[in-house]
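Colleague: Spelled out from the first residue to the last, the chains are:
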Amino acid sequence: MAVATPALAGTDTTDNQTPKNYLNASRGLLSWFFTLDHKRIGVMYLIAILSSFFLGGVFALLLRTELLTPAQTIMDADTYNKMFTLHGAVMIFLFIIPGIPATLGNFVLPLMLGAKDVALPRLNLASFWLWMIGAVFAVSSIVVGAVDTGWTFYTPYSTTTGTAVISMTLGAFILGFSSIFTGLNFIVTIHKMRPEGMTWFRMPLFLWGIYSTAIIQVLATPVLGITLLLLVAERTLGVGIFDPALGGDPVLYQHFFWFYSHPAVYIMILPAMAIMSELMSVFSGKHIFGYRFIAWSSVAIALLSFLVWGHHMFTSGQAGITNMIFSALTFSVAIPSAVKVFNWVATMYKGSIRLATPMLYALSFLFLFSIGGLTGLFLGALSTDVHLHDTYFVVAHFHYVMFGGTVIAFLGGLHYWWPKMFGRMYSERWGSIAALLVFVGFNLTFFSQFVMGSQGMPRRYFNYVDRFTSYHQISTIGSYVLGLGFFVIAGYLLHSLVRGDRAPANPWGGATLEWETSSPPPPHNFDCEFRAGDPYDLDDLRYDPEIKGHVRRDPESIRLHPKGAQQ
Amino acid sequence: MMDLQIASNLLSALPEGTEPSMWMPPRVSTVAHHVDWLFNFILAVSVFFFLLIVVLMVLFVIRYRRREGHQAEDSPSHNMALELTWSLIPLALVVVIFFFGFKGFLDMTTSPANAYEILVDGQKWNWSFTYPNGYVDSNLHAPVQRPVRLVMTSADVIHSLYVPAFRIKSDLVPGRYSKAWFEATEPGQYELFCAEYCGTSHSDMIAQVIVHPPGEFEKWLEQASNFLETMTPVEAGFKLYQVRGCQQCHSVDGSAKTGPTLLGIFGHTQALADGGSIVADENYIRESILEPAARVVAGYEPVMPTYQGRIKDEEITAIIEYLKSLSGTE
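In order, the protein sequence lines correspond to chains A and B.
Residue numbering for the first sequence follows this note's numbering, starting at 1 and increasing by one per position.
Residue numbering for the second sequence follows this note's numbering, starting at 568 and increasing by one per position.
Some clues are possibly wrong.
Once the Cα atoms are required to be at most 20 angstroms apart in a straight line, the calculated SDA-like pairs of lysine to any residue come out as [unchecked claim]:
no. : chain 1 : residue 1 : chain 2 : residue 2
1   : B       : 670       : A       : 184
2   : A       : 350       : B       : 642
3   : A       : 350       : B       : 643
4   : B       : 746       : A       : 539
5   : A       : 548       : A       : 352
6   : B       : 746       : A       : 324
7   : B       : 824       : A       : 79
8   : A       : 350       : B       : 753
9   : B       : 786       : B       : 753
10  : B       : 670       : A       : 317
11  : A       : 350       : B       : 667
12  : A       : 116       : A       : 244
13  : A       : 548       : B       : 636
14  : B       : 746       : A       : 145
15  : B       : 670       : A       : 329
16  : A       : 350       : B       : 640
17  : A       : 350       : B       : 670
18  : B       : 891       : B       : 835
19  : B       : 879       : B       : 753
20  : A       : 20        : A       : 497
21  : B       : 824       : A       : 145
No lab work stands behind these hints: they were computed from the structure.
Taking the hints into account, I'd like the entire structure generated from these sequences.
Modeller: Spelled out as structure tokens, the structure:
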């Protein structure tokens with residue numbers, strides 16, 4: 001096991017031999033499957049989660065192809081219904097909820113703390129294997145007949161349809177525990193393992209974001225677990241909970257479901273905002289603007305996220321007073337999000353802005369997330385929501401926030417930490433081309449959906465009336481451009497693993513602690529402990545053209561005594 | 568010219584007339600103008616903030632891009648007054664948006680006391696509109712310039728009644744009643760969609776809203792209600808087949824859908840799911856309409872809802888006559 005490998009005698013990156021690092025410290029599949037090293041777990045998660053993204057993406061492209069023409073193009077209505085359910089379920093439960101925390105979070109969080117690992121490495125591994133088991137359940141539902149309920153599993157449709165709802169919901173149940181374990185682990189790690197000098201308000205903002213996410217993961221996910229168990233109980237035992245034919249209440253299910261699933265969209269977006277804060281500062285060559293406002297806004301979003309679930313049910317027939325309260329609370333979430341965006345833009349002011357690939361994604365995020373966030377205003381307001389609810393306007397809004405926000409920031413983070421993770425640089429030229437393709441393809445795909453949605457096109461429609469045809473066709477063409485963009489990304493990233501230039505320890509000039517170790521890091525991460533300073537004080541760094549990386553003017557200023565044998 | 572039109576649409580804060588815009592379908596209900604006004608107001612706010620963010624972003628990228636001889640300049644890393652400003656201005660704006668959204672919503676959900684009432688039943692995958700005299704139609708007919716209240720429920724799963732031109736939407740939940748209302752401002756024909764996913768033919772669960780000119784709704788209703796007297800039983804049976812939700816699941820061309828085809832079944836022996844068989848005579852057809860799960864044809868699920876209490880004896884008779892005509896045994 002990686003943690004048990006003997007201490008290495010330093011990590012001299014100037015050596016032409018490949019130095020010992022976490023990737024080559026031990027060999028064989030078992031050394032990966034049973035590793036307790038957070039970095040290896042992060043990489044395994046990355047492979048698993050990108051595979052899920054690929055699967056969900058293929059479903060999306062098939063759906064868009066079907067929608068090229070009204071009525072049947074390449075598949076029948078039942079297949080379409082199963083496929084949009086699978087697209088949603090795979091993207092939500094397998095990809096985007098675990099996405100950033102389990103991959104980049106796992107890899108970077110202990111490094112940012114100058115620590116050797118997370119506080120509970122075994123729980124971390126358990127989380128990964130639970131994810132795998134949950135994924136097997138969820139994907140196996142395809143084999144046993146597939147689910148056609150939509151990823152929301154609304155009752156009483158989901159309790160009466162003949163498809164494989166049980167294996168899918170059990171999959172989501174198990175995946176929920178994987179998410180809880182990850183969140184719990186990060187909370188403990190951040191509380192207990194910060195280095196000397198890293199007070200709460202000297203933590204990198206990435207950690208604030210991940211911490212806020214973890215709070216939601218731990219507090220909200222159990223509600224989803226119970227809800228899905230109740231659903232299974234109703235289907236298998238005939239207990240009347242949600243199905244009115246058995247004396248249940250179908251709208252109760254919606255309350256339970258959204259009590260988790262609305263906070264869950266903040267599980268998805270907070271880590272993306274966490275990445276944004278790092279990228280905006282480092283690539284503007286400047287201290288982040290308004291650190292405390294950004295930090296508090298993460299916490300505020302996490303707490304407010306628990307109070308807004310009812311805005312998914314404005315047309316469900318719930319009481320007017322309930323609608324009023326949920327509408328008002330919903331708008332309160334807009335403020336901390338707006339504050340973050342303004343602070344990120346202000347960070348660029350008087351900076352020295354480098355348009356490297358991660359920054360291109362950060363700028364894309366600002367553009368796309370602004371649209372995603374502002375269109376939320378139309379949906380939070382009661383009278384306009386009645387018209388827009390359950391139309392493509394909601395689909396577009398959701399994708400602008402989740403794809404334009406989370407996936408774009410994930411790509412930014414992946415390109416930012418890729419050199420650290422694998423010790424290789426990728427092609428900047430191809431990186432820019434792909435970022436542009438993704439940006440253009442995304443807007444073509446989803447902006448047309450805003451227009452057709454407000455024109456009245458309902459969502460989850462296999463067939464549609466003729467006047468929506470051209471919007472659908474623009475959207476489908478956009479999705480192909482988007483797919484091409486991802487194809488290019490996969491190409492140059494995989495190519496970089498073999499042919500990429502060796503990465504220096506600090507290619508971008510970040511001041512957080514993960515850049516204080518070699519790329520890729522040794523199994524034990526660091527040879528010393530740290531006295532952490534301001535994570536956004538970039539003045540201590542200078543560029544060294546010889547190693548094509550940044551170095552501290554005085555490397556010892558933040559280092560404490562070397563780790564002794566007593567460790 | 569397209570650009571000009573889009574720009575004027577973006578700026579027209581007070582929508583007038585009924586014609587559609589780039590963003591919105593035609594407005595033909597009394598509440599639609601309020602919804603569109605708020606939509607345009609939010610759109611203007613959004614466009615302003617979006618441009619503010621993107622223009623600043625682009626200017627900063629151009630002005631401060633990293634290049635030879637350019638270095639990050641000293642600038643404050645926080646500014647309480649500035650940050651409070653850009654917290655409080657959005658706060659004030661969302662309070663305004665919330666207020667008008669809630670006000671509009673109250674208007675949209677509070678129906679006038681004298682409204683004309685139509686009962687709405689949703690079932691997979693058909694709409695039934697029951698008028699005060701008991702007549703049932705699969706399309707929603709309404710008089711112009713008169714408030715109409717819809718009292719709605721579902722026979723199976725959740726559906727949602729959505730008329731984009733009226734800007735109304737409300738879920739139909741099994742086991743309870745929900746309400747919606749509208750007052751149409753222009754005669755014409757408009758789409759009515761099911762907006763809550765309900766299975767295979769969800770996207771075909773579409774009805775028409777037919778708004779009649781003044782004085783013509785009553786004439787239409789009287790004529791339509793008399794169909795049992797004015798039509799032959801076969802014609803009446805065919806009409807019932809179309810409007811009462813039969814055709815969504817039963818074909819008359821021999822193809823199997825959710826239920827068995829009705830072509831050529833009358834008078835012929837049907838294999839049953841429990842292993843037995845039965846000759847499909849008048850009594851079996853009647854039983855299948857009133858107690859669909861009693862004797863299910865082999866190869867099909869017992870998913871048909873009962874019509875007990877929702878269909879008259881004369882109507883069942885007409886349907887039977889229609890089925891006979893399909894078997895050539897009239």
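Colleague: Below or equal to 20 angstroms on CA atoms is what counts here, so check residue 670 (chain B) against residue 329 (chain A).
Modeller: Distance ~16 angstroms between residue 670 (chain B) and residue 329 (chain A) Cα, so the pair holds.
Colleague: Would the hint linking residue 350 (chain A) and residue 753 (chain B) be met if the CA-CA limit is 20 angstroms?
Modeller: With a Cα-Cα distance of about 57 angstroms, the restraint between residue 350 (chain A) and residue 753 (chain B) is violated, given a limit of 20 angstroms.
Colleague: Does residue 79 (chain A) sit within 20 angstroms of residue 824 (chain B), going by the straight-line distance between their CA atoms?
Modeller: OK: residue 824 (chain B) and residue 79 (chain A) at ~15 angstroms, within 20 angstroms.
Colleague: Taking 20 angstroms as the top limit, are the C-alpha atoms of residue 548 (chain A) and residue 636 (chain B) close enough?
Modeller: Given pair residue 548 (chain A), residue 636 (chain B) holds - Cα atoms ~18 angstroms apart, limit 20 angstroms.
Colleague: For a C-alpha distance cap of 20 angstroms, please report whether residue 116 (chain A) and residue 244 (chain A) respect it.
Modeller: Violated, at roughly 54 angstroms.
Colleague: Is the Cα-Cα distance between residue 350 (chain A) and residue 640 (chain B) 20 angstroms or less?
Modeller: Satisfied, since the Cα-Cα distance of roughly 5 angstroms is no more than 20 angstroms.
Colleague: Check the hint pairing residue 350 (chain A) with residue 642 (chain B) against an upper bound of 20 angstroms on the C-alpha distance.
Modeller: holds (7 angstroms)
Colleague: Decide if the proposed pair is consistent with the structure: residue 891 (chain B) and residue 835 (chain B), CA atoms, cutoff 20 angstroms inclusive.
Modeller: holds (11 angstroms)
Colleague: Going straight from one Cα to the other, do residue 350 (chain A) and residue 670 (chain B) come out at no more than 20 angstroms?
Modeller: violated (44 angstroms)
Colleague: Given the proposed pairing of residue 746 (chain B) with residue 324 (chain A), does the C-alpha separation stay at or below 20 angstroms?
Modeller: holds (18 angstroms)
Colleague: Holds or violated: residue 670 (chain B) with residue 184 (chain A), Cα cutoff 20 angstroms?
Modeller: violated (43 angstroms)
Colleague: Hey, residue 746 (chain B) versus residue 539 (chain A), does the alpha-carbon distance stay inside 20 angstroms?
Modeller: violated (64 angstroms)
Hint compliance for this structure: hints 1, 4, 8, 11, 12, 14, 17, 19 are not met, and every other hint is.
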